[in-house]
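> Sequence:
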Amino acid sequence: MSKDRFSDPRSFQRPLTMGSRQLTNLPTLALILSIVLATVIAVVGTHWWTFEDILARCASLHTIPSPPASFHSRDESDRFEEGTNATLIRNAFIFTGRDNGSETIRGDLLLDRGIIRGMGKISRRIIDNTPNLTVIDAKGAWVTPGLVDINSHLGVDSLPILAGTVDFNSTKGPILPYLRIADGLNTHDEAYELAMAGGVTSIQVLPGSNAVAGQAFIVKLRKMKDRSATSMIVDPPYNLKIPGSRGADGTSFRWRHMKQTCGEDVRRYGNRMDNMWALRSAYSEAMQVKQAQDEYCAKVKAGLWNEAGGPFPENLRWEMLVDVLRGKVKVSSQCSEAVDLDAMVRLSNEFQFPIAVIQQGSEAWLVPDLLRRMSGGVPSIAMFATNHRNKRETYRGSEFAPRVLAEQEIPVMMTTAHPVINARYLMHEAQQAYYFGLPPNLALASVSSTPAIALGLSHRIGILEEGSDADVVMWDSHPLRLGATPVKVWIDGILQIPVPSKSGEENHIVVGKGKEGEEWRYLPDPPNWDKERQDSIRWDGLPPLGGRKVDDKVVFSNVKEVWKRTQDGDIQQAFKAGSHEIELGTVVVEAGRMTCIGKCDDSLYMDAVILDTHGGFISPGLMSFGSRLGLEEITSEPSTSDGEKYDAFRKDVPRILHDAGAVVRAADALTFNTRDALTAYRAGVTLGTSSFARPIHLAGEDVQVVAGLSASFRTGSLHAMQRGAIVQDIAALHVSLGKSYPTLKGISVSTQIAGLRRLLYGWESTDKETGAWFRKAAEGVIPLVIEVESLDIMANLLILKMDVEDRIGSRMRMVFSGATESHLLAQEIADAGVGVILNPTRPIPLAWDQRRILPGPPLTNDTTLVTLLEHDVIVGIGVRNAWEARNTRFDVQWAVLESNGRITEYQAYALVTRDLEKLLGVRGIDEDSGELAVYEGGSMFNSSSKVAAIISPIRGLVDIF
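2 is the number that the numbering used here gives to position 2 of the sequence shown; each next residue is one higher, with no gaps.
It should be emphasised that the hints constitute simulated quantities derived from the structure, not laboratory data.
Straight-line C-alpha distance at most 25 Å; calculated BS3-like pairs for lysine-lysine: (1) Lys513 / Lys139; (2) Lys241 / Lys225; (3) Lys553 / Lys576; (4) Lys645 / Lys739; (5) Lys651 / Lys768; (6) Lys768 / Lys645; (7) Lys645 / Lys745; (8) Lys918 / Lys776; (9) Lys531 / Lys549; (10) Lys645 / Lys776; (11) Lys241 / Lys223; (12) Lys645 / Lys391; (13) Lys121 / Lys139; (14) Lys745 / Lys172; (15) Lys553 / Lys599; (16) Lys515 / Lys576; (17) Lys651 / Lys745.
Kindly generate the complete structure, drawing on both the sequences and the hints.
So this is what it looks like as structure tokens:
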């Protein structure tokens, strides 16, 4: 009798024989059986009855996840909720996401039982046999798949951010493959609804920044019937032990997802070399587990059960990385710089596993050939459109990166990394990518089908086809038009936007007013950026940004409209095509001054540089406020900024300053020619007013209640000694008030206001900086600009203002900056003569002080901006980060579109010119000193235009780009 025979569990199913004789001696048979049983128990423990499970598990080790073959023939989604009506969307332009985003269908879309039942021309029989059908006439509106954000911290960096809601970043070590985002997913994040209002229906929730940060999950944003976190997960993998998460054969067919991190974000555990060793060491451990499993299964399959050596070898610590090595995990690696991308390529080849996604790959566009060497094939690249330079490793990021990668046939995805960028504006990232050259089909695919494919979930989300999940967005205009807003959003066929009222009825929100014209259904033509893109590649991501300076005659032809400054600093229209009996006009500039507008004599063309604006506009340069533009080059690099400042509320001020409040001047720290300032300049932002003030909820340990004096400067200047470079060395006095940073012990609000009251009462000597400038603020000589978000704090400040004015008999020029909750106090702010700088214009409840936002369509009819303007409050708009300054004109245009026709073109200009200057105390910007931006292909409100030149009368030249 062979040893193999007794080690094969199947032998128990046949009578035992010896030679040709059947064993009939019962005592002998019992002895043999007991020996075999003891052997089996020794091999597999007490669970000797799980042989078939072990064989199935071994068989599944080499199975690559995929949906069941019958998936698209299903009649009902596993996420369907009883009582949900079917929906028929008629007469729509449907972007399906198929064929690399190239397929568009004109027709109907049927949603039923959580899936798409029909698309295009749908059989009348199917429609007639669909009960409880709601019919919606799209009237030619665009319909897309629900948007997919492949990089988000929604639910684990929950809003408003509180100490108890930050669960995405573990501090327990660099290698944490066993951590699961599902274990920290908050179902009450206020950003879920905001994201859906932007058309986002699915997200990949990623853990934080560790070498191996943990397991990610794909989540749909609607709350399920049982309100649990796990029910929001799409295709939950087997390790969550949720019923239905395993295939019919007991093996997992669902992808798992994991995040790794490279570079600067992991430095708390060591440098780049430490990080890569940690990764290699971890994968080496996982490889040993994998090899042990393979050897075990080889013996089992050969029937050598007693040589297998015990139960199936596994290690809960390394099981995720073992699945990575087996190709069962979609790995996201957050790596920005070329050195880190190179390290990832080597790691993937050393351990032979694929990387599905490079997150925030700022330099990926510079090394496409390197990406092709990744084990398992080229990864998809997820990135921001214009958010660059906050770290050294993102310094070479480019707005042209998506187009460059697409030309190299590398999949591109736009993302928000919420809350880095508000998840609501994922489509805006795609719009910007399109504006800078990404083809429209790929731009739309970058936030729908491309991320779905990268996640292994395109059978469910990101693509509209029969059998896929019923996640659908209907838009008020072409989705790639700036300000495109969802009219309706369905997830699993259930209407999420408009948000049903508590009574169960739809709220009546006006969406798309002013976009009724046929042109809103079509793509805007983007500018031509070929030269700029080629220069960026040639200069390894850092092309020269200064223009060609011409101090002689320049003629701009085919000009459609001209707006200019008046002598008193106001803005007026100086020319409009058609109103002067000419179709398009000409503008002649000599030594930086316009000498002819409209119809100009041909003789003026002699010896001139001639530029065709192709129906362009000339209008006043814009101003940016709210960021540290010109005060820092790289946000996270102290050596590129002013450095640590003293806050009298936290520590004693050095004796050498001899000043109680340590008031400083931003003019002393101005740095010209920063890349953020120059990109803003090339986008028509010719002035910057900057201070050290930051919202307390964003500042952390870098807070200054008394933030000092702001300065106004020209963004295109080379240094402070150039003529006109510093417009005003002292503009306004700035303070920051608010509740403390969520994870730090801060200064109480009552202490902040007590200190401000003392300073405004004049109890500090005026022969010192603090006393002198607070006295000027109390008397209204300069504006007092207060960073404040909370309704309650603003109300207390209005009371304090009245008190101070009664005491000293003056009129303060108080301005609220940030002012998220100011819409709740609009009348009182107007009555007090206080101005407001909305910063940002599109609110997000990051902090507790900002939780009462007025989000605008499609969630509310009004915006904070409209509410304030309708109460006659003087309003300006600003930005929080220096990289955002370049987008000022788009922020203005978006604000106009969200107003549903209640903001005029003149008011729009004033928001970032005259009124903003007035609020900040910036004087003297008039016809002789105000710079003008020349837009080629349209106005500053047209996303088909770009800035071709800056006219600078104060410097006596034209900058041509």
